[in-house]
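With the hints in hand, could you dock these two chains into one complex?
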Amino acid sequence: MQIVVLAKSVPEISEAELEINAEGTGIETEDLVLGINEWDNFAVEEAVRLREAHGGTVTVMTLGDKEAEDVLRRALAMGADEAIHLCDDAFEGSDPATVARLFARVLRDRKVDLILTGVQSSDANNAQTGVLLAQELGWGYATLVTKIERAGETLTVHRELESDTEERVELPLPAVVTVQSGINEPRYVSVMGIRKVRGKTIEQLGLGDLGVGEEQVGAASSAITRRSLSLPDTSGAAELLEGTLADISHRLATLVREAGGLS
Amino acid sequence: MVPSRPAYWEIEPIWLFYALAAVAVLVFGAGVARRVVGWRRGRAQLVLPPVGRGLEAVLRDGLLGARLFRGDVSAGLMHLALMWGFIGLFIGTVTVAVDHYLVGFLTGRVYIGFSIAMEVCGLLLLIGVLWALVRRVVQRVPRLSCTADDFVVPIWLLALGLSGFGLEGARLVAQEPAWASYSFVGHAMAGAWPEGERALTAYRALWWGHAVASLGLVAYLPWSKLMHALLAPATLFARDAIRTATSGDEEVVRFGRHQLLHGDACVRCGRCDDVCPSTGAGEPLSPRACVQASRRAVTTAATLVAQSWYCTTCGACAWACPLSITPIDTIAQARRGLIEDGAHVPPQLAETLERLHKYDNPWVAKKGQKGAWQDRSANPAQAELLYFVGCTTALDTRAQGIARALTAVLDRCGLAFTTLGKKEPCCGDIARRVGELGLFEEHRDKTEKLFDAHGVVELVTSSPHCWDTLAHAYPGERRAAHYTQLLARLLEDGRLTFAGKLDSRVTFHDPCYLGRHNGVVDEPRRVIRATGAELVEMEPHGEASLCCGGGGGRMWQELPEQGQLAQRRIRQAVATGAEILITACPLCLIMLEDARKTSGLEDRIEVRDLTELVGRALEV
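Protein sequence lines, in the order shown, are assigned to chains A and B.
Under the numbering used here, the first residue of the first sequence is numbered 1, with each subsequent residue one higher.
Under the numbering used here, the first residue of the second sequence is numbered 264, with each subsequent residue one higher.
Just so you know, the hints here were simulated from the structure itself, not pulled from any lab data.
Every residue, glycine too, gets a C-beta built ideally from N, C-alpha and C.
Please note: incorrect hints may appear among the correct ones.
[Stated by the list, open to error] So, partial list: chain A residues that the calculated Cβ filter (under 8 Å) puts toward chain B:
| no. | residue |
| --- | --- |
| 1 | Ser14 |
| 2 | Ala16 |
| 3 | Val33 |
| 4 | Tyr188 |
| 5 | Val189 |
| 6 | Ser190 |
| 7 | Val191 |
The following block holds chain B by itself, in its conformation from the complex (with noise of 0.2 Å):
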């Protein structure tokens, strides 16, 4: 006898299963039309990427679950089992209606090796669900969270793996194939059933067990959690969209359907909460709670206003979602609603903006001081490199040393450049951070028509933040590079060169806007290296460093119950032994020294920024 299972054996009336698959589909369907009408409510604001690099991120990170491994590895491990097996086990289900219902092929060596694929799989679900409910019974994985819906899935998915396995058991038995040993988990399973008829009763009654219960998974799908796995294509493949949105926009104050569709595809993993820097530090901000929060549609909800202001931007919980879902976004867009709303806007930061706004920057109320750091006579007017300083650099007296040291390299260097002097605008970066979009478009519009005066086709800049908004968030086409970019560009050109060598141990604080946002990581080692300084990482690095805490306009803020994010992270540098700590950004900088001397850390490590370095290893 050729190996095949027949469908619907022993199985009456088969019209009930139909019905109760009709009722199924109709509870999915209406699910699914609930959620659509949600992201309806959101504006159209986005732009997708290339099909192909959207259909390559749905690859990588969704089915091979790349993402999933970033900081818990046994997460990943646990998750890609779940997934696995009930894809796989969701593609079987397909192959036997196709089987039963269209072309028959389930025979023979076929029928076995499907047979064997879904032993694998139905035992990859089980794994997968009793590890998900160790972790969050036995172990009590913090971040974890612990709604009625987050044991109803898993307990769920038990039951059906359970009963699965079990009605093939019965089966076995009742049925006697010559072939039982290929299904090997029902196979070992069949000792624990009585013979012949009773076997079939308990077919029977668990056919009926299994059925009901997959159909209720259907039908529960799009109002649970479960409904990420329908989102995730969706999410994972717009990560790179583009999120449009401009102060002339009138709806400003509402969410974007993908940020609604972000809200809807959350499983509440808490991984954004775990890396968040702000969370960590023991503020009141949870990206988790933003993300479920703007499910309402409405910027002003709540959470949002009590929360959104602690956000340093440092894009920590975008990076770490499996989902490519951006809680920075979506706060970012309740920061716009509530500067025009205007009514729960800090004093602090109101006055900050209305000093950007008056005085062209967020630290002095008076203009014209930029030029200050400048120690000696003004550069020459033309040159097609332009230095832009940034307003912190040219004004905070700790910070005026990375505009020293750098200008004395690059004149070691040989490189022609200039500067604005005291004419130099805010770039606007602060006010897009915090949500002031009207300001930093005039920001914007003022330095693009500056920029045009002077005939500028290069930048340079001092900190991470301007080159960001420079380079992404300007139209004009010139080239803007960070300065820690052109260093590594001059080294590879042999023309900054070391004749000695530092003796000291560093560690690097990866500045956020620098490494996580813009993947610039390895030029900043490279030149560390060159001054022949011995380099240590800290952990966190790279694109998982944790963020100083002034970033997002917090370096202008005071906010109640305020956490300590920098002494974290001078904590960590502490830790490797490290004699100087390296970073590459103003802020990073201010907030690092500050912390060092707040935590009484002073005399174990030095601070310092990397332009300084490496004035200090060329002895400018």
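So that you can see chain A by itself, here it is in the shape it has in the complex (with noise of 0.2 Å):
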């Protein structure tokens, strides 16, 4: 089976105290940590998983700038055995259109039988690159998967829907799955097996490789525009109460019979 995971590179901000830039449209990433995305961190594993059990191989792509390629040797180092990378300056602020379009591009022409990528991303949280790219392909897809079976061209794929429902898909190959958390525990990636695989050639793939026009990528190309990101106001949400014991009880009830909360 030749399996292609889409995985990106996104500042880690589980735990960093986020400042806005300057132009407030994002967030300063200058002392930010880079990784991988969590969710493509979940679809590598499955890939390599997938390989393991049926054979073929594993490619790995992403599009991102320079630093963007350690994702690649990370999964490189977990696996994988190919690697793409769509590196251009002009690539930058692009919409998961673009990206799903360019994504479509590289692997029309190759024999891909399932592309596996995170059910969204960290950082923008469209959840759209992959349903975009199989839109693009005009292969089937399955959202939030949360485990794969193979039988023969078919998979069957379970998706976790709300209120811990689960439904079983059916989905002829070649398809686009996207993998939500969860799905398997991702290997320990070892200081020495990402050093192991320093030497491995990685496929660049620019602008002119992809035979794209420049106005048809990056911001310009994209349908939304970012105005705007603020970090949420957090002033004036408390009250400190002061007192006695018996002086706060008596206050903090009357405000929440005022609020509604008591009746």
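Listed below in structure tokens is the structure:
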């Protein structure tokens, strides 16, 4: 089975204190550490496991700046066979539709049975790239997948829906599957493991290689314009009650009642 | 007539004996060859210690059995009797062969002396073997394993001893030598035999029985746990050998040859399981099972996958092993293999390693937080002595007390020192202990570079873990000390003096990487006594100390079936009646402080770092 995994390099923000950049359009990434998008990490692991079970190759692909190469190296260390890096300054600011179109251009002429990617990315949270790529290629797709079983040219996938319901879907190959976190336990990637794949060649593709014009990519082509980004206002939301325990309890009960909490 | 004993007296045909001997030697050879072939599957990675030191270990720990008495005097005496009986009889057999085939000298008084010595050795062997069987069958010492081999070996030795004395008795009756009474055991048994021709028949039967049993034992030896008799000199000799392993090694997942040899030398006595803090707390780890599993050569054997992550690397197993086998090394090697394989790394450990990799500390997903404990302006930028605070002491709110107390104490002593503040990197100890060698090397190289840039000549650490790594795993020529050593030195120089006396009864928990791994046992005690506090000892203490459970990366892990390692220790501390439990390691401090709370002993005992005790005594 020829599997392609789409992986994205994102800033690690779970425990960071975020600051808005000077333009007010994004977060300040200077002091942030970059890493593989958590959902994509599950996708890489799932691809490697499918290859271990059914044979074939795993190719990992990303679109991003020079630093995004670390994500590819990490995936190679996890067991991916090949890596493709879509890297061009012109790509900066592309929306999910453009990214999907560029991926489609790369994959259209290659033999691919299955494309895996994370449900969403932790930075933009659009959850669109995988689905739009399926549309571009004219393939079937399944999102929010927590289990993948293969029987011949058909996949049976489990989708995680609301309220713990689970849907089982049959999906003919080729197809795009977006993977939900927790589908597996991704293996640990050691520093030595990454060092070992340092010498592996990564296929570099730029604007010219893809045969698209500058006006078709980047912020210029984007259907989305991010006007501003701001941190939620936290002032005035808290009131500190002072006094004896009895006073505080009394005041608290009054406040809750006034807000309609106690009737 | 001159006393002597003719060889093969009244025995026919002798060629049969030689034929049997040849078969025994062949089987013996095949057994040894099988083991050697097994070892060759491992990696050669050993740098042996100086010959003198190695031989000293063989003599002291092997022939004199010094290590056999650690924690179990009864077992030590039993084994010493058995071993010396066995060795003596072996030497006796060789002596008889030399006398018969090369130079005859066993006559007259020499023969009498030899005869008495053999009686004593035979008795020792019988006492040892019977004692061993009593321990296994009657006393049922829990740690002893009970496989077929564990019974075959002593019963075989018993049969050998009894048949030996039996045939001697029958021979004395048939031969009637004038010096029979010197063979006092056989002589005493002589009464059991009939006179004349029937004694001769019994003698012949017993002779052949004894011969077959002896040769059989030779053949069986390399296939049994008796193999340790041959391998012990090697394992003891190589105790202080350096085991090289670097991340650049392609075959890191394979065991080293010495580890496979350890697997073959192990007699499953279970002393390691007995002292292991994890085993003792009911966790699934068994150092013995790990060593036994290492025979399979591959680090990802099922036992090792299931058990390796429980190890705190406290080293009690290696300390307790009479053969100087090092289960801790076997587990460390297994961890390296598991890290490279990647699939069996516990999720929380993987997160910790990612955090170490990205943020240079195991605690917070943020850089540049390590100066936060300093509630005073920055230290002088240049000083020969660097206080290496360490991740835990710098970042954990409880452990930060160590840093504050130590800086205040050093200031009081008028000692100039500096810290790296928020630039201080992780020394790499955690990565090293969990088997992430590549990450350790990154940390090491980065830290070395920083030390060079700051012209650091001398280091002092809060944590025995950082100290162990900086002192033993860094190539640079710097003097590194744990603060207990520094304080003891200041005490000696008269720079650290106490005006008043603390009026407290305290006990001291030896951190594993201070006491057991590095032999620093007296220094902290000297400092404690200098404060005027009354020191009472816990059992166990010193090099035998019981681990708090925080080492080997355990501090940053949650494992299934996790036991309460530190609670065992805090109960031992409470049992001494001390008011304060002193330790000298941030990990011990956190673990024991937690255990004090979780076991409801908050009112019974206080947990302090030694720096805090000294700070209190100095009123700084």
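Quick rundown of the hints versus the structure:
1. Ser14: holds, 7 Å
2. Ala16: This interface hint holds because 7 Å falls under the 8 Å limit.
3. Val33: Result: holds, 5 Å to nearest chain B Cβ.
4. Tyr188: holds, 4 Å
5. Val189: holds, 6 Å
6. Ser190: holds, 5 Å
7. Val191: holds, 3 Å
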